[in-house]
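Asks: Sequence:
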Amino acid sequence: MEKKRIKNSRYITGIDGIRALAVIGVIFYHLMPSKLPGGYLGVPILFVISGYLITDLLRQEWQQNDKISVLKFYTRRLKRLYPSLVTVLVVSTAYITLFQRNLLNNLRGSVLSSLLYVNNWWQIDHGLSYFDRFGNESPFTHLWTMAVEGQNYLIWPLLFILLVKFVKRKDRIFYILSIGALLSAIGMAIGFTPGEDPTRVYYGTDTRIFSILIGNALAFVWPSTRLKEQIPDSAKKILNITGLASLFLLVLSYVFMDDRFNFPYYGGIYLVSLVTAVLVAVTAHPGASLNRWLTNPVFSYLGKRSYGIYLYQFPVMILYEAQINVANNVWLHVFIELGLILISSELSYRFIEESLRKFDYKKSWQKIKNWFFMPILSKQKAVGIASFIVVAIASIGVTIAPNDNVNANQAEFQAEIQENKKAAQGSKNGDEETENTEDTEQTQDSNAEEEDILQTFSTDTDHVMEKYDLTENQVKRARNTDVTAFGDSVLLGSTKNIQEVFPDAIIDADVGRQLYDSVDLLQELKDEGDLQENVVLALGSNGYADEDQFDDLMNVIGDRTVYLMNVRVPTQRWQNDNNELFNKMADKYKRVTLIDWYSLSNENNQWFREDQVHPTDVGRVEYTSLLAREILK
1 MEKKRIKNSR YITGIDGIRA LAVIGVIFYH LMPSKLPGGY LGVPILFVIS GYLITDLLRQ
61 EWQQNDKISV LKFYTRRLKR LYPSLVTVLV VSTAYITLFQ RNLLNNLRGS VLSSLLYVNN
121 WWQIDHGLSY FDRFGNESPF THLWTMAVEG QNYLIWPLLF ILLVKFVKRK DRIFYILSIG
181 ALLSAIGMAI GFTPGEDPTR VYYGTDTRIF SILIGNALAF VWPSTRLKEQ IPDSAKKILN
241 ITGLASLFLL VLSYVFMDDR FNFPYYGGIY LVSLVTAVLV AVTAHPGASL NRWLTNPVFS
301 YLGKRSYGIY LYQFPVMILY EAQINVANNV WLHVFIELGL ILISSELSYR FIEESLRKFD
361 YKKSWQKIKN WFFMPILSKQ KAVGIASFIV VAIASIGVTI APNDNVNANQ AEFQAEIQEN
421 KKAAQGSKNG DEETENTEDT EQTQDSNAEE EDILQTFSTD TDHVMEKYDL TENQVKRARN
481 TDVTAFGDSV LLGSTKNIQE VFPDAIIDAD VGRQLYDSVD LLQELKDEGD LQENVVLALG
541 SNGYADEDQF DDLMNVIGDR TVYLMNVRVP TQRWQNDNNE LFNKMADKYK RVTLIDWYSL
601 SNENNQWFRE DQVHPTDVGR VEYTSLLARE ILK
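Under the UniProt record's numbering, the first residue of the sequence shown is numbered 1, with each subsequent residue one higher.
Hints are not guaranteed to be accurate.
Quick list of the computed label-pair ranges, beta carbon to beta carbon [claimed, not checked]:
1) S364 - P223: 45 to 53 Å
2) D171 - Y361: 53 to 61 Å
3) K170 - I385: 47 to 55 Å
4) D125 - V251: 30 to 38 Å
5) D125 - E580: 34 to 42 Å
Derived by calculation from the structure, the hints in this document are not laboratory data. All C-beta atoms in this analysis are idealised placements derived from N, C-alpha and C, irrespective of residue type, glycine included.
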């Protein structure tokens with residue numbers, strides 16, 4: 001009689017509880033980042049669990065059979081993971097092809113890299129950012145984690161065999177893997193640069209593998225089948241206290257370890273992985289109580305479906321939010337999206353994961369032949385036809401998807417941004433060419449020059465008055481008003497407009513800028529003498545802001561007068577929260593004047609580009625006019 005693959009393995013139900021906590025963290029990090037800023041740490045938690053369980057099973061297989069069937073390992077992993085992955089890619093691509101073709105750009109590369117488990121490196125190569133939800137819409141952004149796991153599954157069984165054959169002693173293997181994990185974490189710290197996008201170290205297999213290696217190492221010194229159920233009460237108490245403490249620390253990290261801080265990349269994520277290993281170890285121990293405490297119907301349900309929940313979360317969020325303005329009724333949309341994610345994952349679990357995990361693929365051709373002879377009105381026929389249509393549509397979408405395509409509107413916007421960047425830079429550094437031109441003109445006839453200047457000023461004043469709906473007195477005062485405007489891409493796009501009204505304005509703006517990374521930049525402006533008496537702050541379009549961040553900005557600004565522009569970002573949840581914060585800050589600081597761009601523009605969609613955030617030519621005029629009238633009151 002043929003032996004079972006692993007006859008002594010045990011299912012640890014509490015691990016499903018840890019999986020549930022991990023996937024809850026990730027989902028709420030994406031849905032409500034201001035409420036759970038450390039929810040992204042659910043990913044290293046899942047990595048540690050994966051490393052531990054896979055290695056624990058490999059050790060049991062080696063002890064039982066004195067060998068590892070690498071090919072069968074790959075087959076089991078593919079049968080477990082690939083059907084749901086392929087399903088989410090096909091269904092999402094078909095939807096995009098039919099209803100949201102603006103997301104077709106680079107879709108082929110994203111899909112193929114996901115299928116080959118190299119999506120993390122593909123995103124790095126294309127300069128994509130995990131942290132830029134506003135400018136980086138893709139339903140497959142989150143699949144970088146599947147790539148890291150897939151690469152580990154490819155290499156780890158072979159490395160495992162080498163270790164157990166040539167190193168042999170489990171304590172030495174533990175030390176080797178622990179050192180490897182530490183080196184990976186050090187690589188993350190070295191590769192991270194404060195103030196710059198951390199996506200490279202966040203996505204890279206080399207700088208994220210430490211969480212999986214920690215799980216791998218744990219399995220060599222804490223094998224699940226070698227742990228005793230009957231242990232002294234004192235040992236049980238120590239295990240329970242240790243497990244609860246690790247669980248408490250993970251919850252705290254969810255609340256306080258914001259991804260915008262430097263600490264996560266300087267060892268924070270590594271420490272979370274170590275704490276997770278402690279939690280997994282205690283949960284896996286049959287003598288402790290934590291396994292029982294983490295076992296309940298809700299956690300078991302979410303844990304068993306955690307893979308599908310993780311896969312479907314981003315497609316649901318991106319595709320839903322592209323059609324619906326979620327800034328109003330935020331919680332309503334959160335519940336709707338949660339419902340859609342759970343429904344999708346349940347359908348996937350029942351009809352894809354479970355069915356195909358047990359399916360004998362050797363019988364595939366026979367099943368296909370039998371399908372053709374089924375009654376036309378049978379359920380199998382209907383499902384087959386529907387599946388064929390969806391696959392065909394998805395195939396068309398992948399085939400026609402352009403690579404790095406920029407349409408006319410995007411090209412125009414990018415050109416405008418570059419021109420405005422040059423204009424903004426010139427406002428701070430001066431323009432030597434202009435100064436040289438003025439020196440040459442001084443050699444010409446002074447009377448003619450004075451006449452030309454007066455004529456130009458008169459014409460220019462009339463133009464600005466008419467264009468921005470300002471009085472002659474306002475235009476004249478604007479030319480003698482010192483202004484520093486500091487903000488994000490919305491302000492950047494209006495640089496030339498602002499300079500038409502305020503010729504001496506100093507403008508410092510950039511794409512993707514947020515409050516949390518602005519204090520040092522403002523301090524630089526101040527140190528260079530470019531922070532003038534009137535300061536315009538135009539931030540908050542790219543992510544959540546909080547009162548502490550604003551207070552830090554005000555400490556740098558000092559006693560200068562501040563004009564605070566609120567935001568119009570109808571497709572993002574932070575719009576209303578940020579505007580409420582700005583209202584509060586205008587009440588808190590007497591020297592702050594709130595400029596209500598949101599109320600003026602919200603009902604005028606024609607003022608904006610297709611993203612409904614960046615103004616068109618008409619919108620920029622209205623934006624600048626509102627700003628100028630408030631400053632020149």
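Asks: It remains to establish, for every hint, whether it holds in the given structure.
Replies: How the hints compare with the structure:
no. : hint                    : verdict
1   : S364 - P223: 45 to 53 Å : violated, 37 Å
2   : D171 - Y361: 53 to 61 Å : violated, 40 Å
3   : K170 - I385: 47 to 55 Å : holds, 54 Å
4   : D125 - V251: 30 to 38 Å : holds, 36 Å
5   : D125 - E580: 34 to 42 Å : holds, 40 Å
Checked against the numbered hints given earlier, this structure breaks hints 1 and 2; the rest are met.
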